[in-house]
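Enquirer: The chain contents come next:
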Amino acid sequence: MNTENNIKTLIVKKPLKLDCGKTINEFPIAYETYGSLNKKKDNAILVFHALTGDQFVTGLNPITKKEGWWSYAVGPDKAIDTKKYFVICANVMGGCMGSFGPSHEDPNTGTAFGTNFPVITINDMVNAQYNLLDHFGIDKLFSIAGGSMGGMQVLQFISNFPDKAKTVIPIACTSSHSAQNIAFNELGRQAIAADSNWKGGDYSSEDTIPNKGLAVARMAAHITYLSKKGLQEKFGRKLQEREDLKFGFDADFQIESYLRYQGSVFVDRFDANSYLYITRAMDYFDLAKQYKGNLSDAFRATRAKFFIISFTSDWLYPTQENKDIVIALNSIGADVGFVEIESDKGHDSFLLDVPDFLSALKNFLDKSYTEN
Amino acid sequence: MKNEFQVIAELIEKNKKVLDVGCGDGILMEFLKNNKNINIRGLEISKSKVQDCIAKGLTVIEGNAEKDLKQFPDKSFEYVVLSQTLQAFLNPEQVINELLRVGKKAIVTIPNFGYWRVRLHLLIKGTMPITKTLPDEWYNTPNIHMCSIKDFFYFAKSRNIKIFKSLAINNQNVSIINDSNLTIKNFFADLGIFLIEK
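Chains W and G, in that order, give the protein sequences.
Mapped onto my numbering, the consecutive letters of the first sequence carry residue numbers 1 to 372.
Mapped onto my numbering, the consecutive letters of the second sequence carry residue numbers 1001 to 1198.
In short, the hints are calculated from the structure, not lab data.
One or more hints might be untrue.
The following residues of chain W were derived to be distant from chain G, with all beta-carbon distances above 12 Å [as the list claims (entries may be wrong)]:
1. L18
2. K41
3. N108
4. K199
5. I209
6. A301
Stretches of chain W that chain G covers, calculated by requiring three or more beta carbons in the stretch to come under 8 Å of a beta carbon on chain G [what the hints assert, rightly or not]:
7. 338-350
8. 357-368
Remember, predicted model here, so these are calculated numbers, not experimental data.
Beta carbons: idealized from backbone N, C-alpha and C, even for Gly.
Throw the hints in and build the complete structure from the sequences for me.
Expert: Okay, here's the thing in structure tokens:
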């Protein structure tokens, strides 16, 4: 993938000590921005992407030629209004859209890092992205926002940098990856590792790609992003371009065909090793553990205003896990609002056209901004 | 803004931290925030009303007073307000205890079941009373634990809850309730407002 031309990159000179113990130097952080930074530099919103997202939040993604992953929420006059706010989003470390990741060349070997890339964490990701504030000369962000793994980064960011954001919006996320979350991620990783083309992570030097394993990983994960009701309503037992069952193992059902399609388009834009690294970072995420089991302590130093949003049909990061964050914040008297949005679109609700969600997000941001 | 909210607002000094339990669409919260510089939080069970509060720029938590008050630390608010919802709880006594744990003081308002129109309705018509403050039919009312001003007075006494101030509202008239006029106020007021502490 020759992507350099469309990708803005910040080379971070400052050494970064990773949680695994290694220190990295002169590493790239790829990012994109939308809207413009005002003179007071008080209108910046740092958006964090989820597992398979990238820095291309909205509009046409120049690499994939598809709509940005948060096009419903971010753009002119949208919930995160780019006429008003300066939106920054970085590709996470470990990713495959220009930031330092396993497909980068290992200077010691001259080939891609593969599984020699250091295991990174959510903490490492936000520490790397923090350099963007210096880059833009922003002292304090107006807001930080993100859903799913993006929400985990939001929580980690405000706990690492308590006075660097005025408002904090974790969406459909958790403060600690559950056994079920880890289980699904492990399923995806094992699917990749079971593909003979994976070659222990060294596929790029052998010029193969573990497409099948990565596609299966995506298919399994995709199910967890939808609700049972949503799936049933959209697909039910409808057959795929056929009158009757074929008594074979082709995609008889529309849901099968849909999942196969989701798997096949995913492998065109995503790197299998990145999938391993990023899911690992999610699994390692346990914010309370970083504070000796007391989640409230993660937020004790901040005076930021929190707004936490969950969705009724999200069973991957259910309302209760979002509420646990609310409870931790209330127990220290923090300024926290919370709403559970009614939606049958599952965990993916935060990416989709869910009007109640988008209006709540817009109202919270715009009202908080005028009170600035 | 309705008279009840005016009276509640007058009971609260400026610059305090206040929790409005069952804050509805946030009318009282907005007034307290804008006019008394109150650091105000709301707890509301209805999703659409939570959205109304967010649209007003208010900090509100979607939740249920019977389950979600326990997350707030002891005495973390100067005042906790509960307007006309006590009668809708499964366990009002427990909610009162929680209000008094979370707040240094609580302001509780109740639709008065001892109000003469309520009594007359039941006496003459023989059906469950419907009034301005109690507009629902028996089969769809959220109110399952109705009480009168007198009931609340006695309840507070029996639980050693201090009543700092109790006010009776009848249309636009606000008057003070005390031991000597309790029976009369209980007859003529359609709403009781109590400032309490434990």
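Enquirer: Classify the label on A301 (chain W) as holds or violated, using whether its beta-carbon is more than 12 Å from each beta-carbon of chain G.
Expert: A301 (chain W) is indeed farther than 12 Å from all Cβ atoms of chain G, at 18 Å.
Enquirer: Quick one: work out the minimum CB distance from I209 (chain W) to chain G and report holds if it exceeds 12 Å, violated otherwise.
Expert: holds (45 Å)
Enquirer: Taking the closest pair, is the beta carbon of N108 (chain W) still more than 12 Å from chain G?
Expert: Since the minimum Cβ distance to chain G is about 51 Å, N108 (chain W) lies beyond 12 Å and the statement holds.
Enquirer: Minimum Cβ separation between K41 (chain W) and chain G greater than 12 Å?
Expert: At about 23 Å from chain G, K41 (chain W) clears the 12 Å cut-off, so the statement holds.
Enquirer: Does the region 357-368 of chain W contain three or more residues whose Cβ lies closer than 8 Å to a Cβ of chain G?
Expert: Three-residue rule met by the region 357-368 of chain W, so holds; n is 6.
Enquirer: Measuring Cβ to Cβ, find out whether K199 (chain W) lies farther than 12 Å from everything in chain G.
Expert: With a cut-off of 12 Å, K199 (chain W) remains clear of chain G, as the shortest Cβ separation is near 49 Å.
Enquirer: Grab the minimum beta-carbon distance between L18 (chain W) and chain G and tell me whether it stays above 12 Å.
Expert: Fine: 35 Å to the nearest Cβ keeps L18 (chain W) off the interface.
Enquirer: Go check the region 338-350 of chain W versus chain G for me, would you? Three or more residues, Cβ under 8 Å, otherwise it fails.
Expert: holds (count 5)
When the structure is compared with the earlier hints, no violation turns up for any of them.
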